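Protein chains: 2
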Amino acid sequence: MDAAPLYRQLATHYRQAIAAGALAPGDRMPSVRALMARHGVSLSTALQTCRHLESQGLLEARPRSGYFVRPPRRATLAPVEEPHPSLPDPAQYIGIHQRVSAILARGQARPDALNLAVACGAPSLYPAAALQQAAMRVLRHQPELFGRPVPFNGTPAFRAALAQQALAARMTLGADDIIVTHGCVEALNLALRAVAQPGDVVAVESPTFYGLLQILENLGLRALEIPTSPQTGISLEALDLAADAYANIKAVVVVPNLQNPLGAIMPDAHKARLAAWAEARSIALIEDDTYAALGNDDTPLPALKAFDTSGNVIHCASLHKTLAPGMRLGWIAPGKWRPRVEMLKYAQSRPNEALSQLAVAEFMTSGGFERHLRRLRAQLREQRERMGEAVAAYFPAGTRLNVPPGGFGLWIELPGKLSSERVFDAALEDCIRVSPGVMFANSGRFDHYLRLSCGSPWSRELDQAIRRLAALVERLATS
Amino acid sequence: MDAAPLYRQLATHYRQAIAAGALAPGDRMPSVRALMARHGVSLSTALQTCRHLESQGLLEARPRSGYFVRPPRRATLAPVEEPHPSLPDPAQYIGIHQRVSAILARGQARPDALNLAVACGAPSLYPAAALQQAAMRVLRHQPELFGRPVPFNGTPAFRAALAQQALAARMTLGADDIIVTHGCVEALNLALRAVAQPGDVVAVESPTFYGLLQILENLGLRALEIPTSPQTGISLEALDLAADAYANIKAVVVVPNLQNPLGAIMPDAHKARLAAWAEARSIALIEDDTYAALGNDDTPLPALKAFDTSGNVIHCASLHKTLAPGMRLGWIAPGKWRPRVEMLKYAQSRPNEALSQLAVAEFMTSGGFERHLRRLRAQLREQRERMGEAVAAYFPAGTRLNVPPGGFGLWIELPGKLSSERVFDAALEDCIRVSPGVMFANSGRFDHYLRLSCGSPWSRELDQAIRRLAALVERLATS
Chain A
503 MDAAPLYRQL
513 ATHYRQAIAA
523 GALAPGDRMP
533 SVRALMARHG
543 VSLSTALQTC
553 RHLESQGLLE
563 ARPRSGYFVR
573 PPRRATLAPV
583 EEPHPSLPDP
593 AQYIGIHQRV
603 SAILARGQAR
613 PDALNLAVAC
623 GAPSLYPAAA
633 LQQAAMRVLR
643 HQPELFGRPV
653 PFNGTPAFRA
663 ALAQQALAAR
673 MTLGADDIIV
683 THGCVEALNL
693 ALRAVAQPGD
703 VVAVESPTFY
713 GLLQILENLG
723 LRALEIPTSP
733 QTGISLEALD
743 LAADAYANIK
753 AVVVVPNLQN
763 PLGAIMPDAH
773 KARLAAWAEA
783 RSIALIEDDT
793 YAALGNDDTP
803 LPALKAFDTS
813 GNVIHCASLH
823 KTLAPGMRLG
833 WIAPGKWRPR
843 VEMLKYAQSR
853 PNEALSQLAV
863 AEFMTSGGFE
873 RHLRRLRAQL
883 REQRERMGEA
893 VAAYFPAGTR
903 LNVPPGGFGL
913 WIELPGKLSS
923 ERVFDAALED
933 CIRVSPGVMF
943 ANSGRFDHYL
953 RLSCGSPWSR
963 ELDQAIRRLA
973 ALVERLATS
Chain B
503 MDAAPLYRQL
513 ATHYRQAIAA
523 GALAPGDRMP
533 SVRALMARHG
543 VSLSTALQTC
553 RHLESQGLLE
563 ARPRSGYFVR
573 PPRRATLAPV
583 EEPHPSLPDP
593 AQYIGIHQRV
603 SAILARGQAR
613 PDALNLAVAC
623 GAPSLYPAAA
633 LQQAAMRVLR
643 HQPELFGRPV
653 PFNGTPAFRA
663 ALAQQALAAR
673 MTLGADDIIV
683 THGCVEALNL
693 ALRAVAQPGD
703 VVAVESPTFY
713 GLLQILENLG
723 LRALEIPTSP
733 QTGISLEALD
743 LAADAYANIK
753 AVVVVPNLQN
763 PLGAIMPDAH
773 KARLAAWAEA
783 RSIALIEDDT
793 YAALGNDDTP
803 LPALKAFDTS
813 GNVIHCASLH
823 KTLAPGMRLG
833 WIAPGKWRPR
843 VEMLKYAQSR
853 PNEALSQLAV
863 AEFMTSGGFE
873 RHLRRLRAQL
883 REQRERMGEA
893 VAAYFPAGTR
903 LNVPPGGFGL
913 WIELPGKLSS
923 ERVFDAALED
933 CIRVSPGVMF
943 ANSGRFDHYL
953 RLSCGSPWSR
963 ELDQAIRRLA
973 ALVERLATS
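Those protein sequence lines, which keep their order, are chains A and B.
In case it helps, our numbering puts the first sequence at residues 503 to 981.
In case it helps, our numbering puts the second sequence at residues 503 to 981.
Hints are computed from structural coordinates only; laboratory data are not their basis.
Just so you know, these numbers come straight off a predicted model, no measurement behind them.
Certain hints may be false.
One copy or any two copies: either way a pair holds, since identical chains are not told apart in the list.
[Stated by the list, open to error] No farther apart than 20 Å at their CA atoms in a straight line, the calculated lysine to any residue pairs in the SDA-like style are these:
(1) K838 - R977
(2) K919 - R947
(3) K838 - S603
(4) K919 - A979
All chains should be modelled from the sequences, with the hints used to inform the complete structure.
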């Protein structure tokens with residue numbers, strides 16, 4: 503008779519099955535009930551078996567779904583390199599839209615492809631049903647809603663709920679300081695139009711999300727790409743050099759928390775320094791704080807606006823990454839530019855419709871939003887870690903990887919300066935859609951990087967996709 | 503015994519009551535049942551009495567509400583003067599926002615005032631409950647709607663329904679030719695940004711709605727104000743003179759059907775000439791066709807786009823005047839500028855939320871929209887005529903008036919070049935809010951005009967307000 507307890511013997515059996523590939527990463531482990539029936543063991547032994555394998559890192563428990571096989575842990579990849587705080591390239595007009603939209607169009611032409619390109623969560627991550635219920639309650643209570651003009655600057659209830667949320671990120675805002683917009687994209691448009699004219703120079707993080715570059719291009723603004731750390735965000739030293747070289751910088755645009763695509767979080771000390779620096783130089787500071795609620799920690803990350811003492815910081819954010827991709831709810835707290843932003847918003851698109859605002863206000867004040875965010879943070883952390891482990895396990899040597907402390911994406915430096923657009927094309931052929939680094943800077947400095955979205959629950963399909971992507975990267979890198 | 507039939511005797515009695523003011527315009531006539539009880543007459547006599555008074559223009563029947571006292575008919579006022587097709591003033595940057603927003607703010611600070619300023623119908627004119635029901639059906643059928651990203655350029659169902667509607671206005675558009683926007687205001691922003699750069703010259707109607715002037719101001723465009731007829735719209739002769747004088751006109755913006763504030767409808771022959779002229783001159787033609795469905799006639803008015811043979815006409819429109827003030831649903835059919843407008847829309851605000859689009863698509867395909875429009879047209883016609891009669895009855899000599907064949911407003915020329923802003927201030931003091939002509943042109947050419955909204959059902963309160971407004975105009979004109 504075997505000396506080891508029964509659960510250990512069973513665990514060894516399943517460890518071997520995993521090692522042999524009979525159970526692959528992402529597969530569901532037989533249920534406790536199935537183990538009891540198959541091996542004639544007690545409930546307690548079956549449970550102990552699973553817990554033991556979990557403690558060894560071979561299985562993971564998913565709430566209400568049972569145990570699943572985890573990818574093998576291997577040595578982690580080296581992090582993406584830190585930039586030098588050098589003088590940036592000359593300010594230049596952005597000419598990225600054609601490139602970006604061609605890439606987006608090629609991706610959209612393959613709706614069958616596994617989408618690792620979008621910086622957003624899968625629909626299952628969002629409380630759509632609760633919001634639907636809230637919207638139906640609003641409609642039942644206000645049957646005349648669609649017949650009445652929409653409130654100027656947004657509904658009072660939603661703006662009050664946002665002001666409450668802002669407090670958690672250490673911003674002291676009244677409801678009247680907030681203007682509701684069509685997503686963060688409209689907020690950024692308004693902020694830039696408020697402080698800059700066509701031809702003006704705006705400093706941005708490099709790399710940054712292509713949405714911002716497209717906005718700059720469409721507004722006829724010139725961009726100064728400032729080196730940005732995957733750990734601590736925009737380089738304050740490089741920004742200082744840039745401001746000495748360019749007397750006419752009108753604004754700095756940053757994503758202070760969980761920067762896209764790097765996932766960097768600016769330390770609070772950097773935020774304070776940046777706010778003071780911008781004020782002293784009379785340069786408007788525009789923040790896109792869309793991702794702040796998606797960090798690993800339940801303690802909210804302070805906004806740049808929290809360090810604003812003079813109204814010089816324009817705070818922009820939205821809810822379609824954190825709460826509802828199907829709503830286009832963003833907002834702007836324009837500080838001292840409020841009259842001008844109000845005018846621009848009115849002349850550009852008039853106030854937003856009320857229904858989504860009212861439904862979300864109800865969801866926020868009921869506490870549903872906080873509960874949802876706690877779940878979402880845990881789920882995203884899990885998804886980032888699983889994908890990070892898979893990339894580390896499968897990608898060839900020379901790959902560098904950042905698994906950031908929050909948000910939707912991994913930022914990957916390809917080995918041997920491999921062209922990300924070649925990887926994009928080859929992956930799309932293989933039914934996998936990624937975001938090539940070429941989309942994230944006008945300069946071409948990140949052409950050999952990839953952004954991979956971790957927005958979907960981990961699965962065998964994802965594991966296999968990362969494996970195929972890795973094989974493809976290896977083939978292209980050595981060909 | 504009186505020789506006249508009983509119903510005539512009763513009619514005389516009530517005619518005297520009306521003449522003496524015991525029954526004032528807008529008052530409800532005692533019901534048929536009340537007449538029977540009060541005077542001991544038969545149903546047929548009571549009915550004959552009311553019909554006789556109606557045939558004499560003293561009463562009006564309102565469906566399901568009974569008979570009401572009409573304002574006295576007097577000689578109609580002379581129409582507002584036709585402009586000379588002269589060379590316009592030099593192109594100029596617009597500086598109207600401050601003036602307009604100060605006037606709007608003064609008005610909004612008096613929420614108790616009777617609002618004759620807004621170019622929109624009262625909530626009771628719109629089928630809010632039916633749209634609420636449609637929205638709730640959409641939410642029940644698509645409970646995950648808020649969790650899914652919104653469709654690019656708008657939902658297919660709504661765009662298809664709009665393409666169907668466009669057919670009625672003689673435009674041949676596919677669903678793909680249409681991009682859904684945040685109201686007509688965003689559509690106009692996109693159209694202007696697509697065809698003009700800051701500093702460029704754009705020809706506009708004069709007078710025109712201040713929303714357009716604010717857009718031009720905010721985009722840094724210069725305006726050429728083209729004389730516009732209250733009957734036939736923009737002067738094609740003046741436009742031709744302007745194009746000879748200015749080689750660099752980038753666009754002409756017109757409201758071809760029920761122009762705001764004039765109520766003019768361009769004859770089809772003018773529309774055809776203008777479309778051909780703009781194409782031959784390579785000047786983009788932008789139309790705001792928001793009011794087309796609100797004419798007296800149930801036959802739809804053709805859009806300018808119906809006369810477009812080369813994609814040179816950009817069609818902009820919306821539903822918040824015709825269907826739902828509480829939705830911000832507009833659209834643009836950008837013709838040959840479609841790729842550029844798609845890019846600008848994406849970079850400016852991303853696609854619209856889906857819910858309103860889906861609800862309206864259902865309402866449109868069910869036939870509810872057409873039924874609603876027939877009712878709305880009849881109601882607005884009634885309201886315009888009642889207010890027109892009251893203005894004609896009460897305003898002092900020298901007033902000129904247009905009661906247009908559709909839409910929301912009356913355009914009134916004040917006697918003796920009286921300042922409309924003085925009238926605005928005095929009226930607001932007296933709890934009546936109007937739109938002074940000073941808001942409708944950069945040039946100041948319409949400072950002695952008023953726009954009065956006929957968006958609300960006629961009532962005794964409205965009759966009294968017009969009477970007070972008239973007294974106030976008379977006092978100011980002679981002081």
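Query - Up to 20 Å CA-CA - R947 versus K919, copy category - result: within (11 Å within a copy, 65 Å between copies)
Report task. Please work out whether the CA atoms of K838 and S603 approach to 20 Å or closer within one copy, between two copies, in both situations, or in neither? Result -> Intra 35 Å, inter 18 Å, cutoff 20 Å: inter-copy only.
Report task. Give the relationship of K838 and R977 under a CA distance limit of 20 Å: within one copy only, between copies only, both, or neither. Result -> This pair counts as neither: shortest intra-copy Cα distance 54 Å, inter-copy 43 Å.
**Report entry** Homo-oligomer pair classification [A979, K919; C-alpha up to 20 Å]
**Finding:** Answer is within: at 8 Å inside a copy they meet the 20 Å cutoff, but 80 Å across does not.
In summary, the structure is inconsistent with hint 1 from the numbered list given earlier, while agreeing with all the others.
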